[in-house]
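Protein sequences appear in the order of chains V and H. Here my numbering is used: the first sequence runs in plain steps of one and ends on residue 262. Here my numbering is used: the second sequence runs in plain steps of one and ends on residue 1471.
Some clues are possibly wrong.
[As the list claims (entries may be wrong)] Which stretches of chain V does chain H cover? Using the computed rule of at least three CB atoms under 8 Å from a CB of chain H, they are:
| hint | stretch |
| --- | --- |
| 1 | 31 to 43 |
| 2 | 108 to 115 |
[What the hints assert, rightly or not] Cross-link-like lysine-lysine pairs, in silico, DSS-like; alpha carbons within 30 Å at most:
| hint | chain 1 | residue 1 | chain 2 | residue 2 |
| --- | --- | --- | --- | --- |
| 3 | H | K1353 | H | K1085 |
| 4 | H | K1249 | H | K1322 |
| 5 | H | K1030 | H | K1045 |
| 6 | V | K226 | V | K125 |
| 7 | H | K1030 | V | K245 |
| 8 | H | K1454 | H | K1045 |
| 9 | H | K1249 | V | K246 |
| 10 | H | K1085 | V | K25 |
| 11 | V | K125 | V | K240 |
[What the hints assert, rightly or not] Quick list of simulated restraints, FRET-style, between CB atoms:
| hint | chain 1 | residue 1 | chain 2 | residue 2 | range |
| --- | --- | --- | --- | --- | --- |
| 12 | H | K1030 | V | L222 | 44 to 50 Å |
| 13 | H | E1426 | V | D251 | 54 to 60 Å |
| 14 | H | E1426 | V | E254 | 30 to 36 Å |
| 15 | V | D220 | H | G1210 | 51 to 57 Å |
| 16 | V | G68 | H | D1226 | 19 to 25 Å |
| 17 | H | L1398 | V | G68 | 53 to 59 Å |
Worth flagging that the hints you see were computed from the coordinates, not collected in a lab. No experiment lies behind these values; they were computed from the predicted model shown. Yeah, the Cβ is synthetic: ideal placement off N, Cα and C, and Gly gets one too.
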Amino acid sequence: MVAMSTRRSRNDIRGLAEPDVEAPKTARIEGDTAVFDAADLSPRQINLELRRLVYGEQIPEVTIENPGAKHSVAVGILTRCRITIDGSVGYFGATLGDGPEIHITGRVGWSVAENMMSGVTVIDKNAGSLTGAAMRGGDLVIRGHVGARTGIDQKGGTIIVGGNAGALTGFMMQRGRQIICGDAGPGMGDSMYDGAIYVGGAVASLGVDCVEAEMTPEDDELIDRKFRIYGMDRPASFRKFVCGKKLWNYDNLEPSERKLVL
Amino acid sequence: MTSPNASPNPHVLGQSSIFNPQVINDIHTKAELGRYRMRGFSMFKPIPHWDQLMFMPGTLTRFVIEGYREKCDTKTVLGARFAQKPLELDIPVYITGMSFGALSLEAKMALAKGASMAGTATCSGEGGMIPPERDLSTKWYYQVIQSRYGFNPHHLMLADAIEFFIGQGCKVGLGGHLMGQKVTEQVAEMRSLPAGIDQRSPARHPDWLGPDDLSLKIQEVREATDYQVPIQLKLGAARVYDDVRMAAKCGPDIIYLDGAEGGTGAGPHLATEETGIPLMAAIPEARRALEDVGLADEIDLVVAGGIRNGGDIAKCIALGAKAVAIGHSSLMALNCNKELPGITDYEGTLGVKAGSCYHCHTGRCPVGITTQDPELRKRLDVEQGAERVYNFLHTLTLEVQMLARACGKTDVHSLEPEDLCALTTEAAAMARVPLAGTNYVPGVTEERTLHEIKTLLEKHVANDGGGSRDV
């Protein structure tokens, strides 16, 4: 009779949790650069290897080959370094970072660069929905198209889209900038609190409390500078959209809710 | 002729219990205001609550534990499923997430210090991390909330546990609220918002929509934090069985259920009254869900909502909770709703007596807890407040131990449904414990009886040659 194992399960139902994994230590290190092949590695192994190189070996330039559209790759990197991901990544790629310059040569899934604090993330092809969600700083450049709700809850930084953007771009955006070279889908800037969205193409429709504003020389200077940095072709003209500030406060207050002078 | 019941006016027929004076006043106010009404605190209307459950301690059929001499363990470990460092609490109760913004700096600091003195945890709440709170908390949850106000991966790395806020019992399905009176320059800057706005937070997360995405979001945060700390999902109690099954499949270490009795610093009165289910009904449903997906021994259950004393906590644990979080009662330990002679004037400033105040949303808290006003904040002394929070947490623990010992347990976590009975059929049906003095558990008893009848019929048919007899 086989004894029943009393050891607790170390996998979740979907097989995403990998608590007991170690860094594979398969990278080829040459001076200040390192390269490793992620084809047979899980997201956990990829991140452990990346951290080992960046934090442990102090390698400032790392290339990840064959990422295989895996999720949660290169997340939570909180130091200055340069990471090249040679291929496509899945959901939550290059998120929760503060400082790294990340170049993804393929496509990305949902929520790329989510909550990025600073640094640069450049994607050569298309990005899915929720791109740059809750981003707080740095530059996020997508040379292709993006899906819906780009820059949802954005709190800072700049998102640059070379192609078109989907529905509800800038939904509940709080601060920062978005520069969309192509067209923007319906409901753009819906319920935005602040910040600016520049659009080079057509806007299907504006969301609630999003209004057009006048472009200033400073706006043009900013766009020119960003396009120079990333070597992008600038559309001939941009329109600027901002918050109408009609939703900032309730229209009426009860007596006990009157404003205090703070 | 005088009225036989001494009514002041014998010609008055009576008054509607549906359109009572409060309801009529509410309609008048809304007709002026043109929007839903906001308030703080928790549910006003009566619902089945912990008062309707009782313990059945040991007598001759159970061996009791000496109340003042024999040990009754209270250590509580949460999130040992995947985390390298599970959260270890000295007591089975901790302080739930309440934001800096909703609460003053002094309140956050006093709660943190009091909790640390009691060997338990606090939680950041919505508005991001404030360093003094983190410094004073020996165990600290960092909240990943829909708005991501002030969310910072550096702060994420400082957490002892991470809570994904998906909903709260007081206003299930809604985002947070912070009225403009409390959105000072400092609060606004922490949240990247314009100062003075009436802030209505998102109800959905910005970077995931459904449970499939949430699984990946959990994977992302585990990768970022290197599997060091537990991941907890906080749900408002609604469709508990299905929600907990889904939550469990997303791979958390802990699930936190917040009952409809839970409080808020600001929310629509209607949502507070009309959303969610009582915690007493939620816990058995959550246990059933975890058992059905085979994860009852792996995922810990934390619960909260309207907890007032050690009796409520002991009942939660008996029904299946590993730990209990408190919010509003910890604010009461800080002096919420207490008239301070010579200092406060509840009626004069807010129009309600101390003990009936629900004006947290106004930012005019007379005792300096739910306010950002510098003058009002001076009324809360951090050291004294921390001492009272510690005393309250300590007392709660003593009360839980007292009931556990009386029920014959040497560990508070050994309390079980079998220790409880209900005073009403509603409570018996929701908590799935017998009505006092009977073996009757509404729903469960009928199901068992039907099962017995079905089994007997099957045997009868089988004995009768497979039911092929002509009729």
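So, going through the hints one by one against the coordinates:
For the stretch 31 to 43 of chain V, the proposed coverage by chain H is not satisfied: 1 residues have a C-beta within less than 8 Å of a C-beta in that chain, short of the threshold of three. With a threshold of 8 Å between beta carbons, the proposed coverage of the stretch 108 to 115 of chain V by chain H holds, since 4 of its residues qualify and at least three are required. Between the alpha carbons of K1353 of chain H and K1085 of chain H the distance comes to roughly 46 Å, so the proposed pair goes past 30 Å and is violated. For the suggested pair K1249 of chain H and K1322 of chain H, the alpha carbons sit about 19 Å apart, so the restraint of at most 30 Å is met.
Proximity of K1030 of chain H to K1045 of chain H is assessed by CA-CA distance (about 20 Å); at most 30 Å being required, the pair is judged to hold. About 18 Å separates the Cα atoms of K226 of chain V and K125 of chain V, which keeps this hinted pair within 30 Å; it holds. At roughly 24 Å between alpha-carbon atoms, K1030 of chain H and K245 of chain V fall within 30 Å of each other, so this suggested pair holds. Straight-line distance between C-alpha atoms of K1454 of chain H and K1045 of chain H comes to about 42 Å, which puts the hinted pair past the 30 Å bound.
Our distance criterion of 30 Å between C-alpha atoms is broken by K1249 of chain H and K246 of chain V, whose separation comes to about 41 Å. A C-alpha spacing of about 25 Å is found between K1085 of chain H and K25 of chain V, which places the hinted pair at or below 30 Å, so the restraint holds. Using a Cα cut-off of 30 Å, the hinted pair K125 of chain V and K240 of chain V holds, with the two alpha carbons roughly 25 Å apart. With their beta carbons about 46 Å apart, K1030 of chain H and L222 of chain V fall inside the hinted range of 44 to 50 Å.
Range check, E1426 of chain H to D251 of chain V: Cβ separation about 41 Å, and the 54 to 60 Å hint is violated. In this structure the hint that E1426 of chain H and E254 of chain V lie 30 to 36 Å apart at CB holds, the actual value being about 35 Å. For D220 of chain V paired with G1210 of chain H, a C-beta distance near 41 Å fails the hint of 51 to 57 Å. Take G68 of chain V and D1226 of chain H: their Cβ atoms lie about 22 Å apart, and the range 19 to 25 Å holds.
Remark: the range hint 53 to 59 Å for L1398 of chain H to G68 of chain V is upheld by a beta-carbon distance near 56 Å.
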